[in-house]
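Position in the sequence shown (from 1) plus 5 gives the number in this note's numbering.
Please keep in mind that the hints were generated in silico from the structure rather than gathered at the bench. None of the values given here were measured: they were computed from a predicted structure. Among the clues, some could well be false.
To be verified - Label-pair restraints from in silico Cβ distances:
1. K289 to R432: 52 to 62 Å
2. G291 to T404: 21 to 31 Å
3. E433 to C407: 26 to 36 Å
4. L271 to R201: 35 to 45 Å
5. D355 to R36: 25 to 35 Å
6. H88 to N261: 50 to 60 Å
Just so you know, even glycine gets a beta-carbon here, dropped at the ideal spot from N, CA and C.
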Amino acid sequence: MASEILVNVTPMETRVAIVENGAVQEVYIERSQTRGLVGNIYKGKVLRVLPGMQAAFVNIGLERAAFIHASDIDLNRPENESHKPIQTLVREGQSLIVQVTKDPIGTKGARLTTALSIPSRYLVYMPSSSHIGVSQRIDGNEERERLRAVVESAKEHEEVKDGGFILRTAAEGIGEQEIRSDMNYLKRVFNVLQDRIQKNKPATIIYEDLPLYLRVARDMVRADVEKIRIDSKETFTKVIDFVTKYTPEVVECFENYPGERPIFDLYSVEDEIQRALSRKVDLKSGGYLIIDQTEAMTTIDVNTGAFVGHRNLEETIFKTNLEAVTAICRQLRLRNLGGIIILDFIDMEDEDHRRQVHRMLEKSLEKDHAKSKVTGVSELGLVEMTRKRTRESLEQVLTENCSVCQGRGMLKTSQTVCYEIFREILREERAYNNDQYLVLASQQVVDRLLDEESSNVADLEEFIGKPIRFQVEQMYSQEQFDVILQ
6 MASEILVNVT
16 PMETRVAIVE
26 NGAVQEVYIE
36 RSQTRGLVGN
46 IYKGKVLRVL
56 PGMQAAFVNI
66 GLERAAFIHA
76 SDIDLNRPEN
86 ESHKPIQTLV
96 REGQSLIVQV
106 TKDPIGTKGA
116 RLTTALSIPS
126 RYLVYMPSSS
136 HIGVSQRIDG
146 NEERERLRAV
156 VESAKEHEEV
166 KDGGFILRTA
176 AEGIGEQEIR
186 SDMNYLKRVF
196 NVLQDRIQKN
206 KPATIIYEDL
216 PLYLRVARDM
226 VRADVEKIRI
236 DSKETFTKVI
246 DFVTKYTPEV
256 VECFENYPGE
266 RPIFDLYSVE
276 DEIQRALSRK
286 VDLKSGGYLI
296 IDQTEAMTTI
306 DVNTGAFVGH
316 RNLEETIFKT
326 NLEAVTAICR
336 QLRLRNLGGI
346 IILDFIDMED
356 EDHRRQVHRM
366 LEKSLEKDHA
376 KSKVTGVSEL
386 GLVEMTRKRT
396 RESLEQVLTE
406 NCSVCQGRGM
416 LKTSQTVCYE
426 IFREILREER
436 AYNNDQYLVL
446 ASQQVVDRLL
456 DEESSNVADL
466 EEFIGKPIRF
476 QVEQMYSQEQ
486 FDVILQ
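The task is simple: from the sequences and hints, build the whole structure.
Below, the structure written as structure tokens:
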């Protein structure tokens with residue numbers, strides 16, 4: 006499957022879109038003022054140890070304290086000590102070298118581990134491990150064994166004797182010399198880090214991962230990537246310098262895009278980003294998805310909509326669910342949805358149909374770089390799944406809670422607000438002695454008070470024996486009002 010990568014660079018932010026067969030599959034956004042933290046290494050200081058949660062809060066120099074669980078501390082301890090309580094592993098005030106595994110999301114601080122890893126083009130170096138692993142995406146036992154043997158041999162004869170390595174997908178088919186060169190480069194990087202660890206004070210950064218446009222060059226160049234187009238000449242030059250130094254064999258993949266038309270307009274990326282912020286996703290058949298993202302989980306509901314099919318109801322439902330699977334997997338990547346995800350497929354009576362939908366879901370998820378785990382389709386058509394979350398979703402990056410509805414996605418009706426106003430007037434009448442009332446409210450609410458609720462207003466005026474006046478406040482939302490005593 007041919008794919009292209011588009012890189013849009015401005016002084017404020019870098020945006021990357023992965024396009025497969027003409028359709029946008031993933032979008033990455035890195036803003037210069039709020040760069041992601043995943044992969045950064047810090048010299049932290051333990052603030053609080055929480056035995057009840059088997060975790061600790063660590064100051065790494067951010068506004069919000071980061072979080073580390075006991076299972077992420079000292080991962081190489083013996084098997085019989087793998088469940089040691091947190092208070093025996095760290096203490097308050099202790100310095101701790103940690104790496105960020107999850108960005109701060111919502112109200113939660115960054116998630117940390119003490120199992121450090123430093124990536125290069127072909128390898129990931131793990132200083133505190135002795136394990137040699139191979140990416141699961143590399144097929145064929147013969148190639149896997151060859152790569153493992155190259156690393157084992159280099160560890161015996163080169164200076165890189167300590168630590169473990171994971172061979173990345175990009176290492177497939179790569180020669181021994183390039184892999185050894187990568188190993189030595191990673192060892193030099195770690196030596197520099199050790200020097201910084203000794204010299205730096207707690208709550209400071211020790212190692213910062215590359216900016217997004219260089220991570221594209223390091224991590225995203227695969228055999229199926231035809232072109233990587235960059236719309237900034239300056240950034241293109243930096244990327245070519247980086248690639249020429251570390252991975253010269255992929256230089257031909259990079260191209261400067263000088264076109265008048267914005268690069269993200271080439272494949273309607275801007276439109277896709279806007280659509281990815283909507284709850285509703287239309288399917289070609291006439292069905293649609295409804296995607297609701299909350300702090301606890303994301304739910305995706307499948308509906309037949311206008312699709313009536315050609316044969317019978319069960320066949321219509323089955324086809325809609327199959328089409329929905331492809332759309333769901335694309336939306337998971339495009340919106341970067343993570344955590345617990347509930348998929349509510351349309352109920353299928355046929356057991357074979359449920360199996361086919363489940364198989365297609367698992368197959369479609371194989372293209373996804375993020376790890377996921379899926380349960381079977383229940384009788385109610387529900388599928389529970391988890392998808393690894395390391396950074397904020399597209400919605401969390403680009404939006405904030407509505408100041409009017411406070412993130413509920415709903416507003417009180419004008420009728421509800423009118424009745425709240427009536428109750429507030431009665432409340433004020435019992436508490437204060439005044440001559441009349443002035444109600445400030447939105448246009449919709451005042452219109453209703455003077456029209457549909459006019460008889461209720463008259464009854465209320467008669468009950469309290471005082472006049473009530475109304476004034477439109479253009480800046481008020483439908484839920485806002487004030488009752489002023491006069």
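Structure-based check of each hint:
A hinted range of 52 to 62 Å holds for the C-beta pair K289 and R432, which are about 55 Å apart. Remark: the range hint 21 to 31 Å for G291 to T404 is upheld by a beta-carbon distance near 28 Å. A C-beta distance of roughly 29 Å is found between E433 and C407, which places it inside the suggested range of 26 to 36 Å. At about 42 Å, the CB distance of L271 to R201 agrees with the hint of 35 to 45 Å.
Remark: the range hint 25 to 35 Å for D355 to R36 is contradicted by a beta-carbon distance near 48 Å. Separated by about 54 Å at the C-beta atoms, H88 and N261 satisfy the suggested range of 50 to 60 Å.
Of the hints listed earlier, the one the structure fails to meet is number 5.
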